[in-house]
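Participant: Reading the sequence shown from the start, the letters are residues 187 to 513 in my numbering.
Since the hints were derived computationally from the structure, they do not count as laboratory data.
It is possible that part of the hints are untrue.
[To be verified] No more than 25 angstroms apart at the CA atoms, straight line, and that leaves these computed lysine-lysine pairs for BS3-like:
hint, residue 1, residue 2
1, Lys339, Lys393
2, Lys372, Lys343
3, Lys323, Lys339
4, Lys323, Lys301
5, Lys298, Lys372
6, Lys509, Lys245
7, Lys393, Lys245
8, Lys409, Lys245
9, Lys467, Lys245
10, Lys480, Lys298
11, Lys323, Lys245
12, Lys467, Lys281
13, Lys281, Lys372
14, Lys323, Lys393
15, Lys467, Lys480
16, Lys281, Lys460
17, Lys339, Lys301
18, Lys409, Lys480
19, Lys343, Lys393
20, Lys281, Lys245
21, Lys409, Lys393
22, Lys480, Lys509
23, Lys480, Lys323
24, Lys301, Lys509
25, Lys298, Lys323
[As the list claims (entries may be wrong)] The following label-pair restraints were derived from C-beta to C-beta distances:
hint, residue 1, residue 2, range
26, Thr329, Asp476, 42 to 50 angstroms
27, Gly368, Lys480, 17 to 25 angstroms
28, Phe259, Gly368, 17 to 25 angstroms
Treat the numbers as computed from the prediction; the structure is a model and nothing was measured.
Using N, Cα and C, we set each Cβ at its ideal position, and we do this for glycine too.
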Amino acid sequence: MRLRTPLALLGAALLVLVGPPLLTTGSGADTGTQIPGLRIMVPNSPGGGYDITARTAAKNAEEAGLTHNIEVFNLPGAGGTVGLTRLVGEHGNGKLAMSMGLGVVGAVHTNKSPKTLADTTPIARLTEEQDIVVVAKDSPYRTIQQLVDAWRKNPGKLPVGGGSSPGGPDHLAPMLMAQAAGIAPKSVNYVPFDGGGELLASILGNKIAFGVSGVGEYLDQIKSGELRLLAVTGPERVPGLDAPTLREAGLDTDFTNWRGVVAPPGLSDAERDKLVGLVRKLHDSEQWQDSMRKNGWDDAFLTGDEFGEFLDAQDTRVDSVLKELGL
187 MRLRTPLALL GAALLVLVGP PLLTTGSGAD TGTQIPGLRI MVPNSPGGGY
237 DITARTAAKN AEEAGLTHNI EVFNLPGAGG TVGLTRLVGE HGNGKLAMSM
287 GLGVVGAVHT NKSPKTLADT TPIARLTEEQ DIVVVAKDSP YRTIQQLVDA
337 WRKNPGKLPV GGGSSPGGPD HLAPMLMAQA AGIAPKSVNY VPFDGGGELL
387 ASILGNKIAF GVSGVGEYLD QIKSGELRLL AVTGPERVPG LDAPTLREAG
437 LDTDFTNWRG VVAPPGLSDA ERDKLVGLVR KLHDSEQWQD SMRKNGWDDA
487 FLTGDEFGEF LDAQDTRVDS VLKELGL
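Based on the sequences and whatever the hints tell you, model everything.
Facilitator: What follows is the structure, given as structure tokens:
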């Protein structure tokens, strides 16, 4: 997590290999990446960041000939902690992994989950991405400055939606925005959705004033004109998108999200190394590198024990940030 406000926030990245069976021209046998019967759990609804990242990775793994017949399934609930509990319960299952990210770290705290990421086997962190601030095409807010001015006047009457539970990235980003704008985070009317798919419907239906989500989730809707992009939350502008950073808009903060993959506890060294090796080969593939560029994802590759240390640090940081924000 990278905190750059007076309390500084998060950043890093990751992914997971997931998706429906796809055709491939290679068997993966020569690379040692075949894991017959591999299943990947996405712990939120279809259309969210974990889901998109996972399915993209699965498609790329197939195209690169690394493995085949990966099964993806969604198990949403409680910000990802329902899936986390299921994963931890699959002790020793080397053919199951879970797509996850900062949202799960936060949900463990806000939902007081009895199972934590410390109970899992860390596999890899792959991607980092900025969040975006978006409104419907017919919204009265045409600039981030107009939105923030209206938000300051009556924060409770401008609901902001995010695709993560309290403590997750889509919650922390607007809370840091509010703090930088002089708005008490406790006065913000945050509406959580279980993934970007549900959030999108509420933005388009004008059920919320604005939404905060990952840059890769709504590129199509931004390009088609269904959504109006007001700002990006990272330290620099996103190539190809016409939107200022929060700092350019006068808000002294920036924020980035990350995604990764973990596996059940109790794996043998060989099972863990097989999963890490598959993700490493995927990361190095032309297909994955191209997908990162297209989706606006930044590379933040980290595997195994180093990723585990990162998860421990993120857990500590999220706890302190929530306390600092009074949440």
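Participant: Could you tell me which of the hints above the structure violates, numbers in ascending order?
Facilitator: 4, 6, 7, 10, 11, 13, 17, 22, 25, 26, 27 and 28
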